[in-house]
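Chains A, B and C, in that order, are what the protein sequence lines are.
Following this note's numbering, the numbering of the first sequence begins with 1058 at its first residue and continues without gaps.
Following this note's numbering, the numbering of the second sequence begins with 348 at its first residue and continues without gaps.
Following this note's numbering, the numbering of the third sequence begins with 183 at its first residue and continues without gaps.
Quick caveat, the hints were computed from the structure, so don't treat them as lab data.
Bear in mind that the values here come from a model prediction, so they are computed numbers and not experimental data.
For each residue, glycine too, the CB sits at the ideal point set by N, CA and C.
Incorrect hints may have been included.
To be verified - Using C-beta positions, here's what the derived DEER-type ranges look like: (1) B:385 x C:406: 23 to 33 Å; (2) B:457 x A:1279: 20 to 30 Å; (3) B:356 x C:378: 45 to 55 Å; (4) A:1290 x C:225: 23 to 33 Å; (5) B:432 x C:412: 44 to 54 Å; (6) A:1317 x C:224: 45 to 55 Å; (7) C:403 x B:349: 26 to 36 Å.
What the hints assert, rightly or not - Here chain C is said to cover these stretches of chain B; the calculated rule only asks that three of the stretch's residues, wherever they fall, bring their Cβ under 8 Å from a Cβ of chain C: (8) 363-373; (9) 388-401; (10) 410-422.
Spelled out from the first residue to the last, the chains are:
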Amino acid sequence: QDSTTWRVQSHWPSSSSSYEDSLVRIKNVIEERTDGRVKLKLYPAGALFKAQQTFDAVKRGTIQMGTIAPAYAQNQMSLAGIASGLPFAFRNVWEVAYFHKNLGFEDMLREEAAEEGIYWSTDKVYPTEMVVDRPIESMEDFEGLKIRSSGALQTFLTEAGASASYIPGGELYTALSSGVVDGAHWGAAQGAASMSLYEVAKYHVKPALNIAGTDVFIINQKALDKLSPEDAKTVKDALNEQFWVRTNEYLYKEQLALAGAMEKDGVKITELPPEVQKKLTEVAQASWEEQGERSDKAAEALDKVKKMLTRLGYLDSDA
Amino acid sequence: MRVFTGFINGITRLNDWIGRAVALLIFVMFAVLLLGVLYRYALDAPRVWTTELTQFVFGFYAVMSGGYVMAHRGHVNVDLLYSALPLRARAVLDVLTSSLFFLFMVTLLYYGGIIAWESVDSMETSYSAWNPPVWPFKIAIPVAAFLLLMQGIAKLVEDIAIAVGAIDGPLDAPADADKEEAA
Amino acid sequence: MSIELTTLLFFGALLFFLVLGLPLTFVLGGVSVVFLYFTWGIDSFYLVASQIWGTMESFTLVAIPLFVFMAMILERTGVAKSLYRMMYLWWGGTRGGLAIGTVFICAVFAAMCGISGAAVVAMGTIALPSMLERGYDKHMALGAINIGGGLGILIPPSIIMILYSLITGVSVGQMFAAGILPGILLVVLVAIYVLVRCYFQPHLAPALPPEERGDWPEKFRALGAVLLPILIVVMVLGSIMAGVTTPTEAAAMGVLGALISAAVYRKFTWTLIKEASLRTFSLTGMIMWILFAAHAFSAAYQSMDAQAMIEGWMQAIPGGPWGTIIAMQVILFLMAMVLDPVGIMLITLPVFMPIVEALGFDPIWFGILFVINMEIGYMTPPFGFNLFYLKGVVPSSITMQDIYRSVLPYVLVGIVGLAIIMIFPQIATWLPDLVF
Ligand code: NA
Ligand code: NA
Chain A
1058 QDSTTWRVQS HWPSSSSSYE DSLVRIKNVI EERTDGRVKL KLYPAGALFK
1108 AQQTFDAVKR GTIQMGTIAP AYAQNQMSLA GIASGLPFAF RNVWEVAYFH
1158 KNLGFEDMLR EEAAEEGIYW STDKVYPTEM VVDRPIESME DFEGLKIRSS
1208 GALQTFLTEA GASASYIPGG ELYTALSSGV VDGAHWGAAQ GAASMSLYEV
1258 AKYHVKPALN IAGTDVFIIN QKALDKLSPE DAKTVKDALN EQFWVRTNEY
1308 LYKEQLALAG AMEKDGVKIT ELPPEVQKKL TEVAQASWEE QGERSDKAAE
1358 ALDKVKKMLT RLGYLDSDA
Chain B
348 MRVFTGFING ITRLNDWIGR AVALLIFVMF AVLLLGVLYR YALDAPRVWT
398 TELTQFVFGF YAVMSGGYVM AHRGHVNVDL LYSALPLRAR AVLDVLTSSL
448 FFLFMVTLLY YGGIIAWESV DSMETSYSAW NPPVWPFKIA IPVAAFLLLM
498 QGIAKLVEDI AIAVGAIDGP LDAPADADKE EAA
Chain C
183 MSIELTTLLF FGALLFFLVL GLPLTFVLGG VSVVFLYFTW GIDSFYLVAS
233 QIWGTMESFT LVAIPLFVFM AMILERTGVA KSLYRMMYLW WGGTRGGLAI
283 GTVFICAVFA AMCGISGAAV VAMGTIALPS MLERGYDKHM ALGAINIGGG
333 LGILIPPSII MILYSLITGV SVGQMFAAGI LPGILLVVLV AIYVLVRCYF
383 QPHLAPALPP EERGDWPEKF RALGAVLLPI LIVVMVLGSI MAGVTTPTEA
433 AAMGVLGALI SAAVYRKFTW TLIKEASLRT FSLTGMIMWI LFAAHAFSAA
483 YQSMDAQAMI EGWMQAIPGG PWGTIIAMQV ILFLMAMVLD PVGIMLITLP
533 VFMPIVEALG FDPIWFGILF VINMEIGYMT PPFGFNLFYL KGVVPSSITM
583 QDIYRSVLPY VLVGIVGLAI IMIFPQIATW LPDLVF
């Protein structure tokens, strides 16, 4: 019996919980449900391609499948910015899940990815949260922070008054422990724990900087089309199911990781003071507009976000 | 014969000249890094561009060195067997092994070209807070591969000339700091 | 074709073309292309170019040109020469004193720099001529630089340790702490080896004749030579520890210190700076093109399902827990002869770590064994990065054969160190347990 093997480049290192829980899970599910007709050969982060090049590699068909963060598709997809997460927009993970799956954002992403010959399927939704080495009790505290950040959040934090600079992942721990920076975000609790950040930064900051579908599966459309219609459907269904399974499981594991950090490293949760939250919200809302300007589709998606936030009562209807 | 030596010397001089210019970028990396530290530590106002600029300048500097290093015979090899052989035998050997060199360089030229072209085509930027264009740095890959390839062709021509006995030995590499070092 | 056979052909081809004298970077790049053609087809060549771009984007490598530049300035201004003259005056009576001093300076360098490579090139430029001038045996001198140059990944900060932590999930801080004593142990072992060897064979590292050892006033005047190097160490290490800079940025502080030294020595001329920058460009280019191709080579090898082979081997190993650990070391040692540490990590650790933990061994301790093994790998023929970097700076009278031969005793010293830490895990685990 004929079987197809897909090469899958991950952006997770093999120790990341998502490598086992997301990638190995989907491999097992797909292989079992297609009776072994579709096999996945997994490669951990960086083995074949750097994360930033995985989108191109899948698009070209050098590999058939990959996992990425939407940020790595910024140049090819105008919706990638919104998919990476608008700062201080949604407040709960379930809201973003609803936005993706019930309000059609996932379909919009798929449509745009299809233009690049790629099938897009979000793995899960989760928050991005900061860890800092001191409590933040006032606006002065916040403005005095040097934060390691990247991408859109770097601009956002800087505009809100903190000093956000970029430091490569390989130097983050050293920088945080010596005081080159006072805080950083690397995913949320599980991410921070994987980088040993809690050893040197004891305060976990709430609320989240953003909540988004930050992990994504991408498949080369031609590779998908080569499968029998039933097998292709099985793969797509498995990915859809994965979204719900993993989003919920990840939330659970976030809490476990945070509880573990509090227990083991003496980490405390610090809630940003209202004045800081107010300032961050103002700056955030101005920054959203830039994302909307990237294309008609992006404008449409931003409009959807705003409507939903208004209905939820987070946004004044005139905003 | 003069055409050949002219060609070889011309390529070598081109790579030497480009190398001498690119080598100065070390000062840019040094200065920008220090400036970054100054902004972040002394002025408490980190600039978004310092780390990224250093990184891109470094990538450019590193990849563009290929032709210069080859022109100065600085790519290191194992000389176990090599040092025991007479000049002409070495030249013959180099002609044979150069096939691997050309495979590597043609691959880099072509696929580096694709990477660069895709980047230019979409006017790729880095999407960091600074968000600079990335394509000028990606173009450096095929350009560097081309310069190395030309230097490799020059070496091939020279090796063939030595192998058939048209010239007695390698033409001199341009005088530079390397030579003074070895002296 | 089985992965075992492919592996044999892959590394066989590497060895074959290396021996024929093609430069390492072209061998690695060319062999990658050929093998990708036979495994994945022409489309996969994209991977080679893509790895080059990935390497161009590695910020932490910026430390290489900066530290090399620092060394080139120090060498040209005479700072390095004065330093070695001072060491010779004070240590002249001790046979092998300069070699031990060199390894000590390497250890200080290692504390300033998170990667290997820069130190080898720097010390090859600074230390080698000083030792050869004073009649040191070239193998003794070359080997000391080779083993010292690899200390950068064992003595914190260390990028390899951070990667190890990321892949295995252990604490970075504990890894850093765990590396300190083993780093010192290796320095001590090298010192013992040099002293014992030179005691029996004085001609390898001659002592300074008593009449040339200088009187006390001269010795103290010579001490001034350490001031500027110490200033540089303070600037680099101080700015890392005080939280002023990251380790990579600290390399720029090193350059600043070197420029200040040049000014103090009244050698701050455009000619000197230009020459130093050109030489830096050559050496960085040599290193970076090896890395470009090595990363492509590693990716090409991983594409061939190398991990499955390791998995297969691990299931076939007899001898209980310790047999397994020793077998792992042997596999790492063999792989380190032909692959770069990051590639080895990605291939082996996902297979090794679950086994190590299931057998009840401390992953921090195993990490130190891993790093020492990689350090040894930097200097094992045929393809150890340090060997080639060193070849790039030595005078043409020194051949690759000399360099290959020079490392043998030092590889044994490294293996002894590895064994000691296997037998006495406390050397690695005591400090992290104390601190955390
Ligand atoms: Na180090
Ligand atoms: Na090696």
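Checked hints:
no.: 1; hint: B:385 x C:406: 23 to 33 Å; in the structure: 30 Å, holds
no.: 2; hint: B:457 x A:1279: 20 to 30 Å; in the structure: 22 Å, holds
no.: 3; hint: B:356 x C:378: 45 to 55 Å; in the structure: 53 Å, holds
no.: 4; hint: A:1290 x C:225: 23 to 33 Å; in the structure: 27 Å, holds
no.: 5; hint: B:432 x C:412: 44 to 54 Å; in the structure: 48 Å, holds
no.: 6; hint: A:1317 x C:224: 45 to 55 Å; in the structure: 48 Å, holds
no.: 7; hint: C:403 x B:349: 26 to 36 Å; in the structure: 59 Å, violated
no.: 8; hint: 363-373; in the structure: holds (count 6)
no.: 9; hint: 388-401; in the structure: holds (count 3)
no.: 10; hint: 410-422; in the structure: holds (count 8)
Hint compliance for this structure: hint 7 alone is broken.
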